[in-house]
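Each chain is listed here by its residues.
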Amino acid sequence: RKEVEQDPGPFNVPEGATVAFNCTYSNSASQSFFWYRQDCRKEPKLLMSVYSSGNEDGRFTAQLNRASQYISLLIRDSKLSDSATYLCVVNMDFNKFYFGSGTKLNVKP
Amino acid sequence: NAGVTQTPKFRVLKTGQSMTLLCAQDMNHEYMYWYRQDPGMGLRLIHYSVGEGTTAKGEVPDGYNVSRLKKQNFLLGLESAAPSQTSVYFCASRLNSAGRAGELFFGEGSRLTVL
Chain C
6 RKEVEQDPGP FNVPEGATVA FNCTYSNSAS QSFFWYRQDC RKEPKLLMSV
56 YSSGNEDGRF TAQLNRASQY ISLLIRDSKL SDSATYLCVV NMDFNKFYFG
106 SGTKLNVKP
Chain X
923 NAGVTQTPKF RVLKTGQSMT LLCAQDMNHE YMYWYRQDPG MGLRLIHYSV
973 GEGTTAKGEV PDGYNVSRLK KQNFLLGLES AAPSQTSVYF CASRLNSAGR
1023 AGELFFGEGS RLTVL
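These protein sequence lines are chains C and X, in that order.
Sequential numbering of the first sequence, starting at 6, is according to the numbering used here.
Sequential numbering of the second sequence, starting at 923, is according to the numbering used here.
Because the hints were derived from the structure by calculation, they are not lab data.
Keep in mind it's a predicted model, so treat the numbers as computed, not measured.
The reader is advised that the hints may include incorrect statements.
What the hints assert, rightly or not - Okay, derived cross-link-like pairs now, DSSO-like style, lysine-lysine, Cα gap no bigger than 30 angstroms in a straight line:
#	chain 1	residue 1	chain 2	residue 2
1	C	Lys7	X	Lys979
2	C	Lys7	X	Lys931
3	C	Lys47	X	Lys936
4	X	Lys931	C	Lys101
5	C	Lys109	X	Lys931
Unchecked claim - FRET-style restraints, in silico, Cβ to Cβ:
#	chain 1	residue 1	chain 2	residue 2	range
6	C	Ala25	X	Pro961	22 to 30 angstroms
7	C	Asp62	X	Lys936	42 to 50 angstroms
8	C	Asn70	X	Ala924	33 to 41 angstroms
As the list claims (entries may be wrong) - Counterexamples of contact, computed for chain X against chain C with all Cβ distances above 12 angstroms:
#	residue
9	Val934
10	Gly938
11	Tyr986
12	Lys992
13	Lys993
14	Ser1002
15	Pro1005
In this text, a Cβ means the ideal position worked out from N, Cα and C, and glycines have one as well.
Please build the complete structure, drawing on both the sequences and the hints.
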């Protein structure tokens, strides 16, 4: 069983749409949670951390549900530039970060 | 403003050959990591280091060795390459700070093909 599971997609949405991704993790002792963005053939880059109370950064909102062990990312008013693969990342001890296989988003004009 | 630099960026090897990937960071980060990324698998941790002179195994360490002789450099070695090691390899570093503990800074990746 994978430590972190994501729907691989792709999610194909028109510009301006709202899209949501979910991610589940297996270890209830996981400590911290993140969303990374990876463009095609590029390195991953931190998009946002995910806090228990939920957090928002512009058009992006992240939520954590510890009881159900899932993390979500909501993107409002999608832009063409949002097209990428979104990686869910879970930190289970201070040194190890477990990556989901990513959810691909295609935003179309 | 180099950040994390990996060399080489591309390499083709024959089965049984050896090679070393070099990762260098100029951010004075304590923690450094080597990951491999394969289609549908996500990034998997090979080895990591929590400081100069220390290394530890990750999820998939077999067939790889590492060294961290200097704080800024983390080397990944393949002693006898196998086709199963065909992958994209990413190096990452992280500051030893609880406040930004989640931000991994990645190099651009090294694409390795083993024939």
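Cross-check of the supplied hints:
Among the hinted pairs, lysine 7 of chain C with lysine 979 of chain X is consistent with the structure: their alpha-carbon atoms are about 18 angstroms apart, no more than 30 angstroms. This hinted pair checks out: lysine 7 of chain C and lysine 931 of chain X have alpha carbons roughly 29 angstroms apart, not beyond 30 angstroms. As the CA atoms of lysine 47 of chain C and lysine 936 of chain X are separated by approximately 25 angstroms, the hinted pair is consistent with the 30 angstroms bound. Annotation: proposed proximity of lysine 931 of chain X to lysine 101 of chain C holds, straight-line Cα distance about 25 angstroms (limit 30 angstroms).
For the suggested pair lysine 109 of chain C and lysine 931 of chain X, the alpha carbons sit about 24 angstroms apart, so the restraint of at most 30 angstroms is met. At about 24 angstroms, the beta-carbon gap between alanine 25 of chain C and proline 961 of chain X stays in the expected band of 22 to 30 angstroms. Distance hint check: the CB atoms of aspartate 62 of chain C and lysine 936 of chain X are about 47 angstroms apart, consistent with the given range 42 to 50 angstroms. For the hinted restraint 33 to 41 angstroms between asparagine 70 of chain C and alanine 924 of chain X, the CB-CB distance of approximately 39 angstroms keeps it satisfied.
Taking the minimum C-beta to C-beta distance to chain C, about 17 angstroms, the non-interface status of valine 934 of chain X holds against the 12 angstroms cut. With a least beta-carbon separation of about 28 angstroms from chain C, glycine 938 of chain X lies farther than 12 angstroms from that chain, consistent with its non-interface assignment. The claim that tyrosine 986 of chain X is not at the interface with chain C holds, since no C-beta of that chain comes within 12 angstroms of its own (minimum 16 angstroms). For lysine 992 of chain X, the condition that its CB be more than 12 angstroms from all CB atoms of chain C holds, with the nearest at approximately 20 angstroms.
With a cut of 12 angstroms on Cβ distances, lysine 993 of chain X stays outside the contact zone with chain C, its closest approach being about 16 angstroms. The claim that serine 1002 of chain X lies off the interface holds: its Cβ sits roughly 27 angstroms from the closest Cβ of chain C, which is beyond the 12 angstroms cut-off. At roughly 21 angstroms, the least C-beta separation between proline 1005 of chain X and chain C is larger than 12 angstroms, which holds for a residue marked as non-interface.
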